[in-house]
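If you're matching them up, the sequences are chains A and B in order. Under my numbering, the first residue of the first sequence carries the number 286, and numbering increases by one thereafter. Under my numbering, the first residue of the second sequence carries the number 286, and numbering increases by one thereafter.
Don't read these hints as lab results, they were simulated from the structure. Misleading hints may appear alongside valid ones.
It does not matter which identical chain is meant; a pair holds if it fits inside one copy or across any two.
Stated by the list, open to error - Straight-line Cα separation of at most 30 Å, DSSO-like style, residue types lysine-lysine; simulated pairs: (1) Lys506 x Lys332; (2) Lys428 x Lys332; (3) Lys457 x Lys332; (4) Lys624 x Lys332.
These numbers were taken from a predicted model, which means no experiment stands behind them.
2 protein chains.
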Amino acid sequence: MQAEILSVGTELLLGQTVNTDTAIVAEALSELGIDVLHTAVVRDNAKRLEDAVRSALEHADLLITTGGLGPTGDDLTKETVAAAAGKKLVLDEGSCERLCSYFAGGEMTENQIKQAMLPEGCTVLQNDNGTAPGCAFETAEGKTVIMLPGPPSELLPMLRERAVPYLARFSKSVIASHSVHVYGRGEAAVALLVDDLTQNANPTAAPYAKEGEMFVRVTAKAATKAEADALCAPVVEEIRRRVGNFVYSVDIDTLEETVVRELIRQGKTLATAESCTGGLLAKRLTDVPGSSAAFEMGCVTYANRVKEMLLGVPHETLGTYGAVSEQIACAMAEGVLRKSGADLGIGITGIAGPAGGTAEKPVGTVYIALSDGNRTWVAKKSPFGRTKSREWHRHTASSKALDMVRRYLAGLPVDEI
Amino acid sequence: MQAEILSVGTELLLGQTVNTDTAIVAEALSELGIDVLHTAVVRDNAKRLEDAVRSALEHADLLITTGGLGPTGDDLTKETVAAAAGKKLVLDEGSCERLCSYFAGGEMTENQIKQAMLPEGCTVLQNDNGTAPGCAFETAEGKTVIMLPGPPSELLPMLRERAVPYLARFSKSVIASHSVHVYGRGEAAVALLVDDLTQNANPTAAPYAKEGEMFVRVTAKAATKAEADALCAPVVEEIRRRVGNFVYSVDIDTLEETVVRELIRQGKTLATAESCTGGLLAKRLTDVPGSSAAFEMGCVTYANRVKEMLLGVPHETLGTYGAVSEQIACAMAEGVLRKSGADLGIGITGIAGPAGGTAEKPVGTVYIALSDGNRTWVAKKSPFGRTKSREWHRHTASSKALDMVRRYLAGLPVDEI
């Protein structure tokens with residue numbers, strides 16, 4: 286089965302909104318073993334949309350549209366797709382009732398009701414996270430059409446819980462993917478290490494860059510999920526072996542989740558004191574559900590006065606070495622450990638930019654310290670001749686801190702890199 | 286001039302990576318008055334890429350590719366596009382030297398050098414943020430081709446600083462866009478208020494939803510930027526008037542930037558105490574360059590013990606009302622204000638989920654308090670019958686806190702909504 290994904294929205298062609306929907310849908314189809322031939326973006330314009338729908342129904346077996354199901358005048362997808370596929374729109378009673386109860390206690394405007402108009406005879410895909418239902422149907426020519434809402438927070442659960450089960454009957458082979466996540470070695474370096482493995486057809490292995498990290502994705506196709514998994518396993522193991530201590534996880538997508546899980550497993554707690562990362566490390570740790578069991582306390586101490594008051598950083602050390610220094614990172618890590626009573630303390634201080642850099646300490650210089658009460662390690666991140674954004678410096682500094690904790694918990698040398 | 290954007294990368298069709306490049310490029314073209322006809326995504330496959338390039342060169346005047354310029358074996362864009370456009374690749378000496386100096390002090394692998402091979406006679410678009418240079422050239426048929434790297438952190442500055450100046454000569458009319466940003470009123474409600482304005486052709490006005498917010502984009506086309514701006518101005522003013530106090534900015538994209546700018550303008554400082562948002566509010570505030578002038582201190586106090594110790598939240602209040610309560614939000618806001626000496630204190634406590642909800646306080650219940658030392662306001666966010674993610678609850682709670690600060694600074698009723 287071959288699919289085409291059509292995203293509808295002039296805003297996607299003006300660059301105001303990033304098209305995450307295509308990626309979400311493509312991934313789900315890929316796991317069902319459905320090939321995505323092509324993806325395209327079309328304007329909120331009935332004529333252009335109709336042309337695109339006709340072309341898709343000609344070339345592909347499955348058309349999935351995203352967006353344009355909402356209440357406003359430029360939400361044209363249902364009308365246009367239904368017309369191109371020769372279907373009438375009728376009021377769906379269930380969706381109408383759901384709309385009314387959704388707005389119970391809030392404001393419901395007149396134009397909302399349009400969302401309950403759906404192609405005659407379709408399977409309604411209920412929206413548990415918003416107002417616009419989706420739908421699925423077959424055309425007279427035997428093509429499958431699925432319409433999903435645009436907002437990713439609505440699209441993703443509808444896709445997983447309603448559209449995928451609808452599609453499962455069409456899928457013959459199954460794809461399994463596993464990712465080996467790496468911190469501390471770049472895409473090019475790892476690509477050389479695993480070069481021979483990337484030449485295989487099944488499973489395939491492909492290296493990808495990710496902000497300040499990289500991962501190798503191993504993908505196999507087989508009749509069942511178990512068989513596809515079994516094809517992946519030895520390749521995943523071989524990549525782990527070659528890349529060594531720089532592998533932080535298999536299939537756990539983020540450093541923060543890896544670290545939180547391991548902290549909980551070991552019954553250890555962590556506290557953070559952040560200057561230039563400004564709460565980003567705490568935010569990343571608490572992105573992980575259940576992190577409250579491992580995350581004791583976080584402080585964002587921008588001002589020197591606050592570093593002294595909250596963390597007990599010595600006034601003299603600040604005077605002697607300056608706020609952006611190895612010594613202050615260590616004092617912050619030790620201070621927050623003492624204050625919180627956690628097992629591990631992190632201190633981060635640096636210059637995220639765009640202003641504040643000097644010749645000696647350019648923008649991007651960050652010191653990151655980890656203390657366990659007995660010993661304190663400190664790492665220095667340098668901008669390394671590269672002009673990067675504030676966001677980049679903050680993100681990579683918080684990643685480095687997470688990797689230090691990971692290494693500590695795994696009994697690896699904390700400062701290997 | 287009509288353009289097509291081609292993004293290259295199998296990962297974009299498997300859904301592993303979200304295609305932000307298309308949005309970035311489309312926005313820049315739109316500002317130059319260049320229409321984007323179509324965008325598409327192609328696999329890392331020479332044959333398919335070649336077909337797509339030929340089709341684009343046939344239908345459009347300008348082809349912009351993103352991705353596939355890197356060092357690994359599946360980076361095929363330059364070879365394939367150059368061949369389809371009838372150009373040879375030659376070693377560019379300047380790019381070669383830049384590569385060597387980029388890697389000075391780091392690891393440079395052999396495969397990196399491939400990146401310095403560029404189409405003969407092209408204009409090299411230097412990469413200030415990575416290793417792969419881009420390029421621009423004209424084909425024998427008078428079509429323009431521009432190749433840009435995939436990583437957004439490299440693409441964005443190269444586009445702005447090198448590709449846009451290259452393209453400026455082709456642009457006859459200019460587009461200006463201005464956005465009216467709204468918090469506290471939904472897309473559908475605002476769409477009804479401005480319905481008549483969305484019917485105009487120049488300037489156009491279109492409402493868009495954004496996570497927990499919305500905005501109306503006003504776009505005009507004219508011979509000069511000044512004329513286009515002048516066309517937008519009365520429409521922007523009219524939208525402001527109709528939407529009233531719910532408008533938080535024109536052209537400042539985020540609540541956090543709006544708030545930080547206004548704090549700095551008024552010479553006021555802010556401190557935050559976060560429970561369920563876990564540092565996200567501090568992170569958003571410190572995303573804004575220069576925020577250190579306005580952001581005094583942030584605390585992430587998950588545990589009750591830490592709330593007592595760090596913020597002086599009374600033990601009895603915790604016992605009587607529970608950690609997720611109006612009283613604790615107020616005590617946190619007042620505590621962090623006292624502790625930090627800032628002008629304003631924020632306290633946030635709630636249940637972000639997925640676990641921890643009760644019948645009385647379901648997941649998504651969040652209390653947000655703002656104190657100025659004389660008075661404390663508190664707002665309750667309810668899940669309102671909608672199942673949303675942890676990320677959603679955390680994001681919208683931090684947005685609500687930012688909006689309360691904005692309203693306070695503007696002298697508006699803090700608890701109007």
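Going down the list of hints, with the structure as the test:
no., hint, in the structure
1, Lys506 x Lys332, "between (39 Å within a copy, 22 Å between copies)"
2, Lys428 x Lys332, "both (21 Å within a copy, 27 Å between copies)"
3, Lys457 x Lys332, "between (35 Å within a copy, 26 Å between copies)"
4, Lys624 x Lys332, "neither (65 Å within a copy, 62 Å between copies)"
The structure is inconsistent with hint 4 alone, although it conforms to all the rest.
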